[in-house]
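Asks: Residue-level listing of the chains:
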Amino acid sequence: MAKSARRRQLEAVVLYPLDWIEERSGLVGYTKWFLFRNVPSDISWAQSLGFATLMAFISQALTGVFLAMYYKPDPDSAYASIESITQDLTLGWLVRGMHKWGASVFIILLFLHMGRVFLFGAYKYPRELNWIVGVLILVLGMLEGFTGYLLPWDNTAYWATVVGINLNATAPIAGPFLAQWLQGGLNIGTNTLATFYALHMLLIPGAIFALIGLHLYLVVRLGVTSPPWSKTAAGRERIEAPGPREGLIREPATESEPT
Amino acid sequence: MSDDQRDTPHVPAPSLWPIGFAIGVACILVGLVVSVPALIVGVILTLVFGALWLRDVFAPAPAPAPAVETPRYGQITEADLGTPVDRATFLSLATIGVNGLIGAGLAIPVLGFGVLPSFLDEGVDTHEVDLGPITNFPEGQYVIATYLENPDQGEVSRRTAFVRNNGLTDDGVPSFTTIFSRCVHLGCPVQPNGPIDEEAKKDVKGVELRPVLAASFGCPCHGGLYDSEGNRNAGPPVRSLDRFEFSIKNGNLILGRLFSVGRVDGTGAKARISKYYKAYPGVHVDGIERFLYPIPTPGSRG
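Protein sequences appear in the order of chains A and B. Its first residue numbered 4, the first sequence is counted upward by one per residue in our numbering. Its first residue numbered 237, the second sequence is counted upward by one per residue in our numbering.
Treat the hints loosely; a few may be bogus.
[As the list claims (entries may be wrong)] Result set (DSBU-like, lysine-lysine): computed pairs, CA atoms no more than 35 Å apart in a straight line:
| # | chain 1 | residue 1 | chain 2 | residue 2 |
| --- | --- | --- | --- | --- |
| 1 | B | Lys441 | A | Lys75 |
| 2 | B | Lys506 | B | Lys437 |
| 3 | B | Lys511 | B | Lys438 |
| 4 | B | Lys506 | B | Lys438 |
| 5 | B | Lys438 | B | Lys485 |
| 6 | A | Lys75 | B | Lys514 |
FYI, nobody ran anything at the bench for these hints, they're computed from the structure.
Generate coordinates for the entire structure from the input sequences, incorporating the hints supplied.
Replies: Following this line, the structure appears as structure tokens:
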């Protein structure tokens, strides 16, 4: 059935800018590759935990940006600025609460997601690398918790960080050096707060974002695992038989085989 | 592990022994904290299951691949030697080299700035603290002294010391016990176990002095307990409480450099103190564990 002239006109209006972008960047194709994928038909809500974790992290990043606009990482004014965010600034209590409780949500979702991947066997060949990347994200998430805990600069934060830094110091050989670097000098003081602030809002989140990018790329490239009880085997077949395989950088083995 | 003949993923056969191995390791870690029997059970479990696991990993030895005699990929043959580097190779190597130099020139100073100030800029000069006239310290009784170590830094440098006047030593020299309040487990503030005489509280030029009847010290965080000389009685601490060097100038008690203590034999003026450079809490200064911390951090010598 031929499309009406009106409909073709409308489609052109919508598709023209998309074509303009696609012709110059190829981004439309990449977006389709990223979003419009086949997944096993018997997936469930369990497979949405990874995305939930991602959303929790993005929420942390956004609320963190706005909190940083009012927070002062200086021993004399840090606690006062947190109090001002919570008590005085409009909706400050809400955004600080989102950041504080969202931190726990992020870690909890991380563990639920990890448990799902473990119990479904989704860490197995060929997804081992993605498990490793995920573990690195988990470690960095823990470091976010450690560095963020100091920032309110109250007595709980201070003494928890004293204990945390000295725990690091007990590691053999390098421990005392790690502790001294973390506290930015011989004692926990002015430098410690600024060091933790910089790590908390610049270095670690940047690294987490980069690793999430790699994590998602691997998810899209390798596909979603079907559940262990699935009747239809989705995904790539495991190659067990000896002989050359495709897609390796090394030269095929047949070439060097003795005749 | 890999060879050109068999490109199968090299995965060991499934094995359940790692579960027992993990339980053993957990037992060791718990045992280290809690009890020696649990530790021994853990070691046995770990060794037994570790051995079983290793046996599983190495048992199904794959059939040996036929020996390959022809040169393999990546191997340098005689023909490769003596080939002059062509222009493209030279240029790409030169680009990598020059960029590497530029990158190192930028990265090394930045990393140095990120790391070195923590180790070099502080702690060169000891902040001496004047606790006021020694007449404020009654003989044989601890006084809690609270002060700012470095007034420029403000409240964050507030420290507490437990000071006891021991009278004179056998040589006729004034003797003070000057204990730093930080627990040598993980740095929490140790508290004296005894009633504080709040009515006798004094403020000597910013230094707060409160006499206390303390026969021992306890840490609220993880239950470390010390006797009146700062020796560990119970709990997780690994050495005796840190102390300050002290001097007396114009009749005033001056706290100097901080140092760590292995243990204290004897009490009061007759105490023999095994003295070490300042170490972080939780770091062993004596015993065989001291070899875990062979390099002192800069600034630990005051």
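Asks: Against this structure, judge whether each hint is valid.
Replies: Right, here's what the structure says about each hint:
1. Our distance criterion of 35 Å between C-alpha atoms is met by lysine 441 of chain B and lysine 75 of chain A, whose separation comes to about 31 Å.
2. Between lysine 506 of chain B and lysine 437 of chain B the CA atoms are separated by roughly 28 Å; this keeps the pair inside 35 Å, and the hint holds.
3. As the CA atoms of lysine 511 of chain B and lysine 438 of chain B are separated by approximately 31 Å, the hinted pair is consistent with the 35 Å bound.
4. For a cut-off of 35 Å, the pair hint linking lysine 506 of chain B to lysine 438 of chain B stands: about 29 Å separates their Cα positions.
5. This hinted pair checks out: lysine 438 of chain B and lysine 485 of chain B have alpha carbons roughly 20 Å apart, not beyond 35 Å.
6. For the hint linking lysine 75 of chain A to lysine 514 of chain B, the alpha-carbon distance of about 33 Å falls within 35 Å, and the restraint holds.
Consistency with the previously given hints is maintained throughout, with no hint failing.
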